[in-house]
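Engineer: Residue numbers (the working numbering), protein chains in the order written: chain F, 1 to 312; chain S, 1 to 312; chain Y, 1 to 312; chain L, 1 to 312.
Please note that a few of the clues may not be correct.
The list makes no distinction among identical chains, and a pair is therefore deemed to hold if it is satisfied within one copy or across any two copies.
[Claimed, not checked] With a Cα cut of at most 27 Å, we get these calculated BS3-like pairs of lysine-lysine:
1) 260 <-> 8
2) 298 <-> 281
3) 281 <-> 35
4) 260 <-> 67
5) 8 <-> 298
6) 156 <-> 287
7) 145 <-> 8
8) 8 <-> 311
9) 156 <-> 145
It should be emphasised that the hints constitute simulated quantities derived from the structure, not laboratory data.
Just so it is clear, the structure is predicted and the values come from calculations on it, not from any experiment.
There are 4 protein chains.
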Amino acid sequence: MDLTLQQKQEIEELRVSSYETRRATVALLEEILYKPIPVLDHGFVRVIDYMGDDAAIVQAARVSYGKGTKKVSDDSGLINYLLRHRHTTPFEMCEIKYHVKVPIFIARQWIRHRTANVNEYSARYSVLDREFYIPSVEQLAMQSKQNHQGRGALLKGEEAQHVLDLLKEDATRNYDHYVEMLNEDPDGNIIDEARGGLARELARMNLTLNTYTQWYWKIDLHNLLHFLSLRADPHAQYEIRVYADAMLETVERWVPIAYKAFIQYRVGGISLSAAALEIVKNMLAGKSVSQEASKMSKREWRELMETLGQKE
Amino acid sequence: MDLTLQQKQEIEELRVSSYETRRATVALLEEILYKPIPVLDHGFVRVIDYMGDDAAIVQAARVSYGKGTKKVSDDSGLINYLLRHRHTTPFEMCEIKYHVKVPIFIARQWIRHRTANVNEYSARYSVLDREFYIPSVEQLAMQSKQNHQGRGALLKGEEAQHVLDLLKEDATRNYDHYVEMLNEDPDGNIIDEARGGLARELARMNLTLNTYTQWYWKIDLHNLLHFLSLRADPHAQYEIRVYADAMLETVERWVPIAYKAFIQYRVGGISLSAAALEIVKNMLAGKSVSQEASKMSKREWRELMETLGQKE
Amino acid sequence: MDLTLQQKQEIEELRVSSYETRRATVALLEEILYKPIPVLDHGFVRVIDYMGDDAAIVQAARVSYGKGTKKVSDDSGLINYLLRHRHTTPFEMCEIKYHVKVPIFIARQWIRHRTANVNEYSARYSVLDREFYIPSVEQLAMQSKQNHQGRGALLKGEEAQHVLDLLKEDATRNYDHYVEMLNEDPDGNIIDEARGGLARELARMNLTLNTYTQWYWKIDLHNLLHFLSLRADPHAQYEIRVYADAMLETVERWVPIAYKAFIQYRVGGISLSAAALEIVKNMLAGKSVSQEASKMSKREWRELMETLGQKE
Amino acid sequence: MDLTLQQKQEIEELRVSSYETRRATVALLEEILYKPIPVLDHGFVRVIDYMGDDAAIVQAARVSYGKGTKKVSDDSGLINYLLRHRHTTPFEMCEIKYHVKVPIFIARQWIRHRTANVNEYSARYSVLDREFYIPSVEQLAMQSKQNHQGRGALLKGEEAQHVLDLLKEDATRNYDHYVEMLNEDPDGNIIDEARGGLARELARMNLTLNTYTQWYWKIDLHNLLHFLSLRADPHAQYEIRVYADAMLETVERWVPIAYKAFIQYRVGGISLSAAALEIVKNMLAGKSVSQEASKMSKREWRELMETLGQKE
């Protein structure tokens, strides 16, 4: 993550500002407000603004005139109850806004979550920065044999190096040609006065999908938790998971009680199908069970046994 | 609007609180934070929380590292431009949360706007207050002859009085029977220990549609302006328009530049169809025009001439 | 459910129509198309239109040029997989449209699900029918002692009769006064030429919440299943559950494979929190467990033991 | 647009199928069902399914038991009225599903419209086709001097040729390296058994933004018209406008009355701000007007005068 001096100054200016407010305020989140949390080689996530706190969830659930909260233990009990029973609307009463820098191929996964507000940096209007994601060697995995959309073992040294070389060369060359076609550098200076430059909305098509883009992204707590439950999951692609992990930290600072409930009931929890529940009941009753006798596929059976800590 | 002493105290407690924050803060809106603005005979609207200000619109449109705003005149020019060209996403970056008390038949109109977050006071869980909307005499209008969903002239004195009597008697009696069926008063005290009480989720069905309900309602600025453009419109029902008017005041305090642009381009603006534009051009060119020669219906023609300040 | 002769004829006219189409078609659903399924005393649900079938889920998941389906067993395996792993977007590719008649207090619960399209019969524009929901005696339950928003034991005979009398009398009287204020009967005939009638948008406020309303309601399969998982649940209020049950039947006809997966993984399935999973593992390993030693509340513990079929 | 033989056969198979249905059916749309409409050099749009017709809009607006339509002229009057007064919900009762092949940088603009359902071809799961968008010479425009996000004059011959060469070479080389890194061709055959292949979810990052992707995209008529009003607009980027134009043709076939109203009131219509309306009124009253005396910016003034057909 390489901020320019001016960007650093602009951020610092916001961070030293201090205002009086009657609104709910969260000291732990204020601590990191505006501050970029580095992710991948050039990306970041930073909290720009927020609305509400743990108490706001309780207040909305009770449709209160005042704060609506009682003892911390009561609030915590209520928040657990709401999350457990999927009473989601009180969690929608908290809102957070991020500024994110992320490679385009990951931005495309991200944007599928439609229940957020987005303002993306426009490559029709401006020239993109010369920054692209190059994976570290520990991330250069082969296609998984089992999982059609996952990673398997790491590439060997030479093969890995060759991949890295290709990625770097191609992204660099394509960016250079992008600037050449634009006839304009990222600061807006014309390169060769003797010729025209291709329209920005066209030239951008030459960039590679690991080029970084950035956006403001605003979402309510319920939908954020849903996003995080999918994207902080071990099955999510590594390159989006690291963003989800960074955001999880901000959630822990922001609404610690809701965060704890989320870990307890979503992240650490599991779902059992009707057939799986039947198996568990039978096992507890000491009856013998088997994949063949169950209505489950081999894959489901294997996953269930792993989940239950059973050796096959 | 009749708040209990406890409700007043709870509100006051929130209003005297003061915190330090690095977030964008709007002094004029802070002034009225938590304070109920009376609407109709027992209703209110009050701002519970907000995120962002005029500068946040600019900041998001520019995907800035810092505040992103320049001179006030530049910001104002950009906000006008965005609103005029329906670049709506930067307006979604501001969010506001209201607590509203409103008669149920109006709440039912309100909830059709689906792009908001809502927590309603639950009549499955709690007993509703003994409050129902009774229109003032100046609102007791007859069905309009022209407009199938509008109001015409006022009812005459005796007829008006009869309507008021019916509304009051029926709402009161039905509420009394609601409490009788519940066998429980609004404070949760059992009335007659010798008998059971009907479940709250059933008893509520006896209430009239002018009974007040309340909710927390959270929405982003773009969708709020869309709501207000429909509900502060002269064609909207009076009983929802007064809520829209009260909210418009809060918007003026909150984001004065966006408010001004909204009044200029939406509220005070008009749409012309292709045919209407043709008529205007012809009129400006000194050509004679007529409803018959236009492709417009009589109603459209009449509305256009009124809009243009032409006498027929 | 009392349809007028004209309504019956209009429905029949649609039902005898037959067209050629290249679109996916589901014979079992066509059988009941347009036909009202009675719910409660005067309500109904009827399917007006639909888009897609089980194969359309597969086709969208594969982004196919053709049907995209292979063997039924493969399709079924894929649909199970998608539902199990919450890959929800392929289910959004099927759409269904209902016409529903439902008491207003239930319509208010229903409308909280915001991811549907709704056109409600307008009581600003038209006069509502003289139909209100009166529960059967088997539904006249007392407030539950355990569950703040549930029902307990049934009311005794005399008390029940008293409740029924109140509900009937109040709804009838309020409707009669509604018509009197309107000075217009449901067919639009003026009752007393000598006087004016109150505007419909006002008169409606005198109606009770058990008055029936109706709407067209259109939703995609993913969001419909989410709605049904909440509203066909034993904790849902009886009066909305019967609508969910009726719709479940239509889903079984429409997309039998998705329906089966839904029953297996959602309706019949359960969620275990991190703590609950730990307990299950310990039980399977033969270790002793107790509520006190767990991190669970008494209520959670009791629910878990019930779910697992354990006696306490 | 180059379909494989198998793709053509799969499409043909669907097109020869014919089923009986009781649902509303539109012959003109059935004619082109499943058939790709070519867009750009390798892209297409094709209608996969639809729900409803013009009559369905009327039927929903009236919450009818039967078809709900009367004479064509009445239906047309009602649809015009609904569109003119922005009564949008009846238009949401029609739904359409497209299969689209589109370059990624355009797909990224497209996906900003969040009120649709999408299933995109997964490059985590599958290998993308060797197809990228190369603009025709008539599209190789320079950056506009006036419009920060628009196109100006065309590039000269040699410059244009150089741009084309760069685009072709870079896209081709990057795709070749993509396949090399994957060690797998688009048909899934391993290229070199002696080495591993990079995971698909990683290799894709080397592709250029003009690579084609494809998706199923489903949307209701109201939101489709909103999308088209923005994307068929002269200010939209050419490469998305051609898709919007192709879809407009499908809309004309599908719901001809709604289409006509849309052209009349949206596409061919304009908005006037409060200040602009004042100017028009003054001009009609024969008063002299000027930009200086108006509250409008020079740009707004110029645009208004152009719209009104006035020479400056």
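Engineer: Which holds for residue 156 with residue 287 at a C-alpha limit of 27 Å: within a copy, between copies, both or neither?
Structural biologist: neither (47 Å within a copy, 45 Å between copies)
Engineer: At most 27 Å between CA atoms: does that hold for residue 156 and residue 145 within a copy, between copies, both, or neither?
Structural biologist: within (17 Å within a copy, 51 Å between copies)
Engineer: Is it within a copy, between copies, both, or neither that the alpha carbon of residue 8 lies no farther than 27 Å from that of residue 298?
Structural biologist: For residue 8 and residue 298, the Cα distance exceeds 27 Å both inside one copy (54 Å) and across copies (36 Å).
Engineer: Please sort residue 298 with residue 281 into within, between, both or neither, judging by C-alpha distance up to 27 Å.
Structural biologist: Intra 19 Å, inter 21 Å, cutoff 27 Å: intra and inter.
Engineer: Under a CA distance limit of 27 Å, which applies to residue 145 and residue 8: within one copy, between copies, both, or neither?
Structural biologist: The answer is neither: 45 Å in one copy and 31 Å across copies each exceed 27 Å.
Engineer: How do residue 260 and residue 8 come out at 27 Å by Cα distance, when the copy is not named: within, between, both, or neither?
Structural biologist: neither (33 Å within a copy, 33 Å between copies)
Engineer: State whether the alpha carbon distance between residue 281 and residue 35 is at most 27 Å within one copy, between copies, both, or neither.
Structural biologist: neither (50 Å within a copy, 42 Å between copies)
Engineer: Which holds for residue 8 with residue 311 at a C-alpha limit of 27 Å: within a copy, between copies, both or neither?
Structural biologist: neither (53 Å within a copy, 49 Å between copies)
Engineer: Treating 27 Å as the Cα threshold, decide for residue 260 and residue 67: within, between, both or neither.
Structural biologist: Close inside one copy (21 Å), not across copies (33 Å); limit 27 Å.
This entry does not satisfy hints 1, 3, 5, 6, 7, 8, going by the numbered hints stated previously.
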